[in-house]
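Novice: Respectively, the protein sequence lines represent chains A, B, C and D.
Using this note's numbering, the first residue of the first sequence is number 1116, and each one after it goes up by one.
Using this note's numbering, the first residue of the second sequence is number 1116, and each one after it goes up by one.
Using this note's numbering, the first residue of the third sequence is number 1116, and each one after it goes up by one.
Using this note's numbering, the first residue of the fourth sequence is number 1116, and each one after it goes up by one.
Honestly, the hints are just simulated from the structure, not real lab data.
All values derive from a computational prediction rather than experimental measurement.
Any given hint could be a false lead.
Since the list can't tell identical chains apart, any single copy or any two copies may satisfy a pair.
DSS-like mimics (lysine-lysine), calculated; alpha carbons at most 30 angstroms apart, straight line [claimed, not checked]:
hint, residue 1, residue 2
1, 1162, 1342
2, 1342, 1278
3, 1342, 1274
4, 1400, 1274
5, 1342, 1256
6, 1278, 1397
7, 1200, 1278
8, 1162, 1256
Protein chains: 4
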Amino acid sequence: MNSTGRIFRVGLFGESHGQGIGVTLDGCPPGIPLTESDFNPDLGRRKPGRVGTTPRVEDDLPEIISGQFNGFTTGAPLTLLFRNKNVRSGDYADLRETPRPGHSDFVAYKRFKGFNDFRGGGHFSGRLTLCLVAAGVVAKKLIDPISVNAELVSAGGEKEIDKAVASAMENGDSVGGIVECRAGGIPVGWGEPFFDSVESAIAHLAFSIPAIKGVEFGSGFAAASMKGSSHNDPIIDDTGATATNNAGGISGGLTNGNELVFRIAVKPTSSISIQQSTYSIKTGKVEKLEVRGRHDACIALRVPVVLEAITAIALADFKLLAQSR
Amino acid sequence: MNSTGRIFRVGLFGESHGQGIGVTLDGCPPGIPLTESDFNPDLGRRKPGRVGTTPRVEDDLPEIISGQFNGFTTGAPLTLLFRNKNVRSGDYADLRETPRPGHSDFVAYKRFKGFNDFRGGGHFSGRLTLCLVAAGVVAKKLIDPISVNAELVSAGGEKEIDKAVASAMENGDSVGGIVECRAGGIPVGWGEPFFDSVESAIAHLAFSIPAIKGVEFGSGFAAASMKGSSHNDPIIDDTGATATNNAGGISGGLTNGNELVFRIAVKPTSSISIQQSTYSIKTGKVEKLEVRGRHDACIALRVPVVLEAITAIALADFKLLAQSR
Amino acid sequence: MNSTGRIFRVGLFGESHGQGIGVTLDGCPPGIPLTESDFNPDLGRRKPGRVGTTPRVEDDLPEIISGQFNGFTTGAPLTLLFRNKNVRSGDYADLRETPRPGHSDFVAYKRFKGFNDFRGGGHFSGRLTLCLVAAGVVAKKLIDPISVNAELVSAGGEKEIDKAVASAMENGDSVGGIVECRAGGIPVGWGEPFFDSVESAIAHLAFSIPAIKGVEFGSGFAAASMKGSSHNDPIIDDTGATATNNAGGISGGLTNGNELVFRIAVKPTSSISIQQSTYSIKTGKVEKLEVRGRHDACIALRVPVVLEAITAIALADFKLLAQSR
Amino acid sequence: MNSTGRIFRVGLFGESHGQGIGVTLDGCPPGIPLTESDFNPDLGRRKPGRVGTTPRVEDDLPEIISGQFNGFTTGAPLTLLFRNKNVRSGDYADLRETPRPGHSDFVAYKRFKGFNDFRGGGHFSGRLTLCLVAAGVVAKKLIDPISVNAELVSAGGEKEIDKAVASAMENGDSVGGIVECRAGGIPVGWGEPFFDSVESAIAHLAFSIPAIKGVEFGSGFAAASMKGSSHNDPIIDDTGATATNNAGGISGGLTNGNELVFRIAVKPTSSISIQQSTYSIKTGKVEKLEVRGRHDACIALRVPVVLEAITAIALADFKLLAQSR
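Based on the sequences and whatever the hints tell you, model everything.
Specialist: Okay, structure coming up:
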């Protein structure tokens, strides 16, 4: 259940405050140039640091445990390990009995019958997205020269992102945002019929990123208000190019030769400094709660590189499937 | 690639104008009461007939080929077959070389190297949703007493649905819509960590329904404009009940004990009577095109029962997984 | 659980005495020439008729429900349906409470909580191998020009097969046999590392054929008595050709360029005319039992074409996987 | 391709002479008591040391990276890592161009296009069975109180195992063997119909152990020489107990309540001190070869605990599947 993909398979493991977190890429073809420094640029983009992100900073350099030899992927499973170092478990110790609103604390407790590592969200922590980004670095190499670029296009409903974030921080609050991803240079006809459409695969992975509440492709929810005569994209040549791109680059679930365009909605960070109330498992009553620890005022700021990663992962699998035919 | 699910597996087959279409349910537990008439209510709801839907009417009674004995499921694969009867292939014969805008014609031609059954969209036809609805009938029995209800909440941006549809029809045009689905009575903690969250599974299936452009859970895209202090749902008792339901019933990817709420955006039907232009594979030029045949002015009218079906299918698999632990 | 394969996926459905049995092939590439008469030769080889096989004869002509158009596979799921016609359920009616020794009656009753279609073994019937053979016909086309040939090499421990079978029949008894399969022309390097070796994939499928008790590759069980110096196959040229073939064409789980050679042990048919004893669910006591109905004295006679089929199915999946890299 | 199982999933990674090897168990239920010392007994049994096994000795203590907290499994993916320490890569450096007979060297080179880590067999090394044994330790806890016991019953065709091994060692040769595995206390009805029978699952995993050439259940290959009247096991009571156990505890692919009994054939170790000949990729000619390094004269000596492990892994998955119904 913690792995995904048909040929290019990605599996995650690890908890926020345990020994470490990691990812295994299975089905990665041999001969892709890969060294540890290749991970720096994307991992750097995910790092906290910008105003509105958590002050927790880890080295976050991956160790390549397997699947790489003499600077190339071997074709055997590629495992990357990130050790946890800067851990302050004390921040979270009392959260076992006081589940934070908006977090997985309560459901994880129930789902895992009280045995889950609750420290910092454990396996549900946003820290696991580090592994997605690392997997994305390999996937981007695999789908080269396809380009994948995501950016935060609004926060708190505003295009003036820094202003919206600053305003939320001032009040000890947090704010959501919208991230848009575009991928260019994808051949026509990638994707699988019923159940494994390109939208299905990308949405499946996108909803694995914590805090995502919605996904829309091309015209998305606006399509619901449109007429067919304005929504249909007229095909203009034999490459499949269309005069408009309401489809977002996907027809019938398959890539249609146009730019892949989709957006995701990121909810505001659940951890806020403002006092909230929640049910206490210990006292059996609703109690006041202040969430301590280090948090992002706008987690959406760190999502773009993660969204690029899951997009590349989905496309890498479709590429290998297309080659199999 | 035409099957989905981990334990409760659903696989589709068939083309719109071939011998028939069908579905195989694998992993369905034995002992569920099931007869052919059980399919009537939901299949009836999907049927055309309401203003704005296609005049093509099939009997659409499934034949239970296997997996049922003496009125109960046997636990062996359950295969349902719908014969195609009312077929007018002539309507579509020239579409091979004139791919319709907004349809899968062009990409299917490329993807299947010209060997696809292009009549009426072939395997990509909306007719395949008949099989999803049939699978949903069994899934609903499996998750009983959980309730699943979907309805069209707007069309063309209007809550006055009939009016919006009538207006589109008058002009030979089509219109999109938004369908909302709610499921009640789901235990806390269904869902799997990374990659198989409840959102991931439902979105994966929802994007298998033709014409869907977006999916959002709970507050959805509105969350992007919200503050954490108003978005977080305070837990109020030991069932996990929350004072608000911005999460849409899912926390950390797992069901949290509240009502599951999500919406999908349905694009306007691609087939319209208004003249359009498209690239002709035959002439190598952009040509005028009139789409003949029988079509829905608002395909969203027929989507609610399909959305219920895929929701029940996803929940059925999660239920069996939850029992395995 | 009733499907197998990673890209070329095969799923079975149906019961011996229900509406019919069938198979869906998913992931089959488009453009393979295929008509219903293509199934005749291999289905004919599986047919009863030779001395020692059951007198039950069905037409056993498959109907191609989907996935084929204008004489070629379309790339969409290919479903084949065999209607059951010559059914005499009365033969089996009392077996529900008197499980036959050597058969699945007792375990199926327990596994499916009494809801299984017990008539003629239901979903466990050897009749389902008809679907494997049909799937094999398509798989053989897919792996062309690789050759796959299986033959019964002994029955009852004797190379004089007809004699051994005749002797068993005279006494109302049955007899087992050994079937050997050879496949030539397989490229070097098919197969997947740990868990999906060629041996694993073939053995997995071979043990899906009813009555199989053992599988051995190359030197097989004889290897256990050999020395390394005589077992190792010296490589003699850059094609990977070896001076001997104790490996049976597989090294490290991957094809090594030599002929694939393996054997399976088929147990004697469980249904015999000789009186046996078994536990009666009805009386709670061990009772005498005579198995009526039509049966094979040596089911191994009909296994070779089934073994070829599962071999071709396994190789077809490996071929598509090899192309994906 | 390096993972297996439907609910209880096992994935391997690592190479013999790289950073380390490891295993991820996904789908393991929460609440199983587990500490690092629990691995000692089975890992100790796999260790070299007995006459006839390689002198290479590693500490081989696993580090639990994730999925365990406060002495119990958490339900999140459980990753175990074994660092490689005692590495002498020089032993193998020239084998890239001189593929050893009986080894994966040649096929791995072809399969992975020359990018494989060839040192010590890389990912194909028998060292990877360490991970299987570790996974087996967890699986045994999961299926408790089911017992699983395997032993070497013959080597070189002899029951006097030590004598057969000593004789091979004297000559710098190696020898094969037969390992038998028995599991008791398994409920009736575990296993899945077509394609995922208990035999299929166990054989699939058994052929993932390097050097295995055959698998047989119950009467196995001897069944091919038997009559039905002596092979059928009469059921004697309502537990499914049978007077004989020619079926090896499996009927119709499902467990039948009797002891599970099967045997595997292990070929003689491929690495021997005796001079052999092989094709040299470098010179393009057949050359003499002496295999240096540390090797087992009878690898079968170390197989029993590995066979127990894969049996427990298969049974663990079937147990979770049985609970899901």
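Novice: Please work out whether the CA atoms of residue 1162 and residue 1342 approach to 30 angstroms or closer within one copy, between two copies, in both situations, or in neither?
Specialist: between (43 angstroms within a copy, 23 angstroms between copies)
Novice: Tell me, please, which holds for residue 1400 and residue 1274 at an alpha-carbon limit of 30 angstroms: within, between, both or neither?
Specialist: Neither: 41 angstroms inside a chain and 41 angstroms across chains, both beyond 30 angstroms.
Novice: What label fits residue 1162 with residue 1256 when the C-alpha limit is 30 angstroms: within, between, both, or neither?
Specialist: The answer is within: 21 angstroms in one copy meets 30 angstroms, while 40 angstroms across copies does not.
Novice: If the cut is 30 angstroms between Cα atoms, do residue 1278 and residue 1397 qualify within a copy, between copies, both or neither?
Specialist: Answer is neither; intra-copy 40 angstroms and inter-copy 55 angstroms both fail.
Novice: As a check of your reading, is residue 1342 near residue 1278 (CA-CA no more than 30 angstroms) within one copy, between copies, both or neither?
Specialist: between (36 angstroms within a copy, 14 angstroms between copies)
Novice: Given a CA cutoff of 30 angstroms, do residue 1342 and residue 1274 count as a within-copy pair, a between-copy pair, both, or neither?
Specialist: both (28 angstroms within a copy, 15 angstroms between copies)
Novice: Give the relationship of residue 1200 and residue 1278 under a CA distance limit of 30 angstroms: within one copy only, between copies only, both, or neither.
Specialist: Neither. Shortest intra-copy (33 angstroms) and inter-copy (53 angstroms) distances fail the 30 angstroms Cα cut-off.
Novice: One pair to classify: residue 1342 and residue 1256, alpha carbons no more than 30 angstroms apart. Within, between, both, or neither?
Specialist: This pair counts as neither: shortest intra-copy Cα distance 40 angstroms, inter-copy 37 angstroms.
Hint compliance for this structure: hints 4, 5, 6 and 7 are broken, all remaining hints hold.
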